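One-letter residues, chain by chain:
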Amino acid sequence: MIEISPATIEQYFDKLFPICRSITGNGVRQTIDILKEIVPLYVHEVPTGTTCFDWEIPKEWNINDAYIITPEGKKIADFKVHNLHIVNYSTPIQAEMSYDELLPHLHTLPLMPDAIPYYTSYYKETWGFCLTHNEFEKLPKTGTYKVVVDSELKAGSMTYADLVLKGETDEEILFSAYTCHPSMANNELSGPLVQAFLYQKIAAMTKRKYTYRFVFAPETIGIIYYLSKHGEHLKTNLKAGYVVTCCGDAGDFTYKRSRRITSEADVVAEHVLAYSGNKYTILPFAIGGSDERQYCSPGFNLPVGSFIRTKYQEYKEYHTSLDNKDFISFDAMYETINMIFDVVKALEINEKYMGSIQHCEAQLGRRGLYSNLGGLKNRSNELSNRLHFLNYADGEHTLREVAELSNQSMLNFEKEIQLLKDHGLIV
Amino acid sequence: MIEISPATIEQYFDKLFPICRSITGNGVRQTIDILKEIVPLYVHEVPTGTTCFDWEIPKEWNINDAYIITPEGKKIADFKVHNLHIVNYSTPIQAEMSYDELLPHLHTLPLMPDAIPYYTSYYKETWGFCLTHNEFEKLPKTGTYKVVVDSELKAGSMTYADLVLKGETDEEILFSAYTCHPSMANNELSGPLVQAFLYQKIAAMTKRKYTYRFVFAPETIGIIYYLSKHGEHLKTNLKAGYVVTCCGDAGDFTYKRSRRITSEADVVAEHVLAYSGNKYTILPFAIGGSDERQYCSPGFNLPVGSFIRTKYQEYKEYHTSLDNKDFISFDAMYETINMIFDVVKALEINEKYMGSIQHCEAQLGRRGLYSNLGGLKNRSNELSNRLHFLNYADGEHTLREVAELSNQSMLNFEKEIQLLKDHGLIV
Amino acid sequence: MIEISPATIEQYFDKLFPICRSITGNGVRQTIDILKEIVPLYVHEVPTGTTCFDWEIPKEWNINDAYIITPEGKKIADFKVHNLHIVNYSTPIQAEMSYDELLPHLHTLPLMPDAIPYYTSYYKETWGFCLTHNEFEKLPKTGTYKVVVDSELKAGSMTYADLVLKGETDEEILFSAYTCHPSMANNELSGPLVQAFLYQKIAAMTKRKYTYRFVFAPETIGIIYYLSKHGEHLKTNLKAGYVVTCCGDAGDFTYKRSRRITSEADVVAEHVLAYSGNKYTILPFAIGGSDERQYCSPGFNLPVGSFIRTKYQEYKEYHTSLDNKDFISFDAMYETINMIFDVVKALEINEKYMGSIQHCEAQLGRRGLYSNLGGLKNRSNELSNRLHFLNYADGEHTLREVAELSNQSMLNFEKEIQLLKDHGLIV
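Chains as they are written, first to last, in numbering that gives the first Met the number 0: chain A, 0 to 426; chain B, 0 to 426; chain C, 0 to 426.
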């Protein structure tokens, strides 16, 4: 087992951050090799041209180097300095050209002049460079530029990985993170890191009612392929699932509901957040977002929500070089892991319990579960909760509903349930 | 076709205003003759004594003249000056009498001393005059008054009119206005005028899914008779209906819900108002009101709401001579027509759509429906709406529900739906 | 019949207050003998050792005297001065002992030093005394104390009483109060007193649709036994029931919902309170409380709420000698009786009415139920209510729902319903 701490998370972050990931290629393979130190993943390769629903696996992309030499002989937009400089999936080129010819291939963010933007061109073959607007403004408009993109785009395969951790039943809880983003921190190394360490906590549980499935795949195309293989199985078996993304910053928690709105995935996640004492935001499903767009497409409509802290598109550093180590917090990531693990614990105990005595109260006194001195002006919280829980242990109310009827967290009842089982008061 | 503009509405208002309408008689016939210039109505005559449910068609009433000569020889309460001076349905009389004998037949509004009130006595045979309280107070209490009511109350018929405009299906949308009020403007010439011009807009649509029915009839007894003929048909075919009344003033819009509260008539009307940018009020059904009392009687319980601006009984000029041309606005009436026509357009497209790709997203890129440059910090509204709409195009959500899930008007999706149909993405 | 007035209630309070009640024994028998002057109760005796569900009827307890003689020869904690001085169900003892030996048997309330607390020990055989903290602090810590408890705890029986007042149908309304508390006023003489006088009002009704059941029994064990005898009958027949407790003080009304939340017992009680003009509080069921814990145990889940004024545990005098005649108000108790009787009247008329004319409105004019002069600017409330009621007299809406649709009390419609029945407009 790997010790879970902010420091360990940081150590793995530092290993993973520099890798140039994309939806295919060696960067993804390296990333999964490193994640395998934390989660014993199975790795899968899907050949270029494989079809899945309305889509087709694209060519594999790999890149060695890319840069521009200015007329003054200066090397800029150097891939080896920052992999965001190259538009992801750029085709190879080695050429000389004028400023005017180069211009349509350059991308900047005039409103964030210090940031390198992140762009991709997966489905249209072209090449391009991203640079800070400040650097762009200094470029001479005359003279000859030399452009080098030493990349390869050809038939190959798309890499993804998964793991199924068996529990007592075949009902499943899914966690899904994506592994296709180059050097950015919150979106997206936080998702795979949180999900990998969460695996460690779940694997360490002494008892698991549910089977747990962990998916690490490129966004969109990866999950579309995954659903073409496992979608029907998940329609039958999935109890709850969560996309884990943008969860490494110190912002408030955000839970984005599944399309079903009130699936168990949703109500339990919201319950845990509500009683966590943390500030949090609930977002409606509405389309837009990440891989839940596929999981929750109408043909599947799986109970898959999203665990997020500061949501994609809502922080200015999103999809730029400023979404870096400074933007995130390893303490926050550690806290995210624990929060999602609380949801796991809550899902595990969220049953409809059945008391052995349904008609009138149980005589708790002779079992040592009620004060013998009657008439006390105030009942203890422990006894109030006991009476409350037993009244609703009717085989019809879930623990979540019982807990919410007395406005408290389900997790408060974990020990009480064991005590009442020990006394034969729950069957 | 008649051009629809505030000026044209005013022109027809001026023709219709002076006519002395009642629940029967030549005033109604003249009114319908004029409305036929705008709507090609079918006219129906129902003989006195015809029974319908708990009611019976009354005698026909016509009037030529009515006035009082004071002891001083002054002609007052002259019907030819203002037709509100005579209590509607007054029986004929030609007599001399004292002030004390006349008094029980005089009606005024002491709190609005400049206004002539509007009174009727359809179901008890009597006669009476309405005058301003100012005029009343000047009457001498001694001497002989001469009273003339040159009216006729005898077996005849009740006149009403309707038109059915066929659409692609037999499902119907109903509009109902009443034609029984003498010279008053908001209540009630605004209703028949708005409804007549609305016909023009609906008749001009290139495609109509629904069949449209327009009813112009006297209030209460007219609709009770109409339901005795068409009620069972409407129970089978009516999708949505609206009573159109008091909708000619510049006040905020008011929508009065049908007794069903959440029928399609209600939810679509409220949706259009909510996203119109106008201020508006929603009223509960509760009884009281106009012809929806009949349409929504429990035996029919039709989905019929009411389109109103400033509601009857809620403006002080209501049912007096001050509800005149000064009180209303032809710009407002024009706006009402357009607002109701928006409801018609929304009803027409409020289907449950079915996308051709239900499992995962459609590959919009190769259809030119998605930006080829990925990673943009913000998605365009157009693309967000496209993804949102396609996700919910599952054959289960109405367009209204889809639109409300992203908090916008259904009418925003009109063009998008056509585009997606053209690309084969909606079946 | 006994006249119901604050003075009469006070007279019975004075008779009942001094008696030392418990869950068994002669105090209960005396109490019921006195209540029989107001309600013609049937008295039942249940032998010690009888089992009911998870419980067993305990030994019978009776007491003649109890006190402590201090080393200084002073008689304290004298049962004959205040029966709260003895822990209810104390076993007999006559002994001498030191302060240290006595100490574990003494109970006080340090935060309310003038109050004698109320304690019981029904299910563990022991003895004890309750005294004010002020008195306790003066006790010498050396010398010999003499302790006398002249009580008897042996096989006998538990006493309870009930009465069933037949109505036109077998559907029942239940009222339940408990009779096991010694000399305290709000909790608990107010419950039995209010319930007894309520019987008088219900017995005097000229017509009763429902059968009424009144239960006077010891808390918890009494009702558990009662349900073992009548629970299945009540599951079939009970329309609505109320525990009546802590309802003799001048605080605001409190209604504690049944576990079913929206049973007729609940919605009608809340309706009457809402339109009573009084301030009131609605409490959720949640467990905790009194005999509704048994009535609403999952195996029964009866529609039983609670009528309360200032709730047990929420006033500081609760379960002490300060819950005495000064704390309560006989005017308030009288008001409580009338409030609950309003609920009875509302339950009696809360039917789904059916109008004889379902299609369009009835012609009210020819029945003298509509003004003959039409066009009035404002309709009378009486006529508005008539049209409103008739529209919803569709066999589907309860009177409560109809009344709430026009935001008024059901009790306002009592006379109108009779009038419409007389005109044949309701069948």
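Hints are computed from structural coordinates only; laboratory data are not their basis.
Please note: incorrect hints may appear among the correct ones.
What the hints assert, rightly or not - Chain C is nowhere near these chain A residues, computed Cβ spacing over 10 Å in every case:
1. L162
2. G276
3. Q357
4. E360
To be verified - Some chain B residues well away from chain A (every beta-carbon gap over 12 Å; in silico):
5. Y11
6. T49
7. K74
8. D77
9. P116
10. E134
11. T168
12. R207
13. R365
14. L375
What the hints assert, rightly or not - Simulated coverage check for chain C against chain B, where a stretch passes if three residues somewhere in it have a Cβ under 8 Å from a Cβ of chain B:
15. 359–365
16. 380–393
Source: prediction; values computed, not measured.
C-beta: ideal position from N, C-alpha, C; glycine also.
Evaluation of the provided hints:
| no. | hint | verdict |
| --- | --- | --- |
| 1 | L162 | 41 Å, holds |
| 2 | G276 | 22 Å, holds |
| 3 | Q357 | 3 Å, violated |
| 4 | E360 | 6 Å, violated |
| 5 | Y11 | 46 Å, holds |
| 6 | T49 | 54 Å, holds |
| 7 | K74 | 71 Å, holds |
| 8 | D77 | 66 Å, holds |
| 9 | P116 | 54 Å, holds |
| 10 | E134 | 64 Å, holds |
| 11 | T168 | 26 Å, holds |
| 12 | R207 | 29 Å, holds |
| 13 | R365 | 7 Å, violated |
| 14 | L375 | 8 Å, violated |
| 15 | 359–365 | holds (count 6) |
| 16 | 380–393 | holds (count 8) |
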